[in-house]
Amino acid sequence: DQQVKQNSPSLSVQEGRISILNCDYTNSMFDYFLWYKKYPAEGPTFLISISSIKDKNEDGRFTVFLNKSAKHLSLHIVPSQPGDSAVYFCAASIPEKLVFGKGTKLTVNP
Amino acid sequence: NAGVTQTPKFRVLKTGQSMTLLCAQDMNHEYMYWYRQDPGMGLRLIHYSVGEGTTAKGEVPDGYNVSRLKKQNFLLGLESAAPSQTSVYFCASSSARRLHFGNGTRLTVT
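For the protein sequence lines, the chains are A and B, in the order given. Under this note's numbering, read the first sequence as residues 166 to 275, first letter to last. Under this note's numbering, read the second sequence as residues 17 to 126, first letter to last.
Hint data in this document are derived by calculation from the structure and do not stem from the laboratory. Think of the CB as a built atom: it goes at the ideal place given N, C-alpha and C, for glycine as much as any other residue.
Going by beta-carbon spacing under 10 Å, a handful of chain A positions derived as facing chain B: (1) 174; (2) 203; (3) 206; (4) 208; (5) 209; (6) 210; (7) 254; (8) 258; (9) 260; (10) 264; (11) 265; (12) 267.
Calculated lysine-lysine pairs in the DSS-like style (CA-CA distance at most 25 Å, straight line): (13) A:170 to A:262; (14) B:73 to A:170; (15) B:25 to A:202; (16) B:87 to A:262; (17) B:25 to A:270; (18) B:73 to A:262; (19) B:86 to A:262.
Only chain A is shown next, with the shape it has when bound in the complex (with noise of 0.2 Å):
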C-alpha cells in the first residue's frame, strides 16, 4: 500500500516558467512533509519541508503548498532553471521514519 504518492512520473517545462509537482498522501498520521531533489549518481539533498500546521512555505523560488483536507502537497518553482532538471522525491513522517513517493523526474528545457 503505497502511502505517498506522486502520479506524474515526468515532468517537461520551459526555462523560465512556473514547474508544479504533486505528492499525494494517505496516512493521517504525518505531520511533517518534505521534498528532496536528486541528481544522478548523487545521493537525494533536502529542498524544502513544511510542518503539517502550516499551509505554506517559501524559500527562494521554491515555495511548498500543503492542503491537509485533500491530503496533498505541491511543489512550486518559479522561475525554473535548466539547473533544476533533476528527480524531485516527496517524503512524508511521522516520528523516527521518512516515507517516500517514486518520484518526479523534472526537465527544464533552455
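Here the structure of chain A is known, so what remains is to put chain B in place on it, guided by the hints.
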C-alpha cells in the same frame, strides 16, 4: 566535515555471496537509515536505527541484516545475495527530521 560516507561505491556479487555495506556519519546524529532505490519504485526503507545498539525493520527488510555498534556507523549486511537485491543503496542520518544522504552504493548481483 564529510557528512554521510558510504563504502564501497560499487560492488558486483555472485548469487549466494555475502557482503557488508558500511555507512559512517560525522554529524553526531542519533537516527540512521538504509534505503534502496529501484527504477520506478522510489526510495524504500530497509532498516533503521534510533540510536547506538538499536535497529528496527523498515518496509523491505527481508534478506538484509543491520548493526549499529557505534553511534557513527550503520552496517548493512547481505548474507546470501540474490539478483533481486541488485539496486542502489543509500544510507542516511537525520537531525530534526531532515535526512542527510550519502552518495549511494551501486550493487549488482549476477
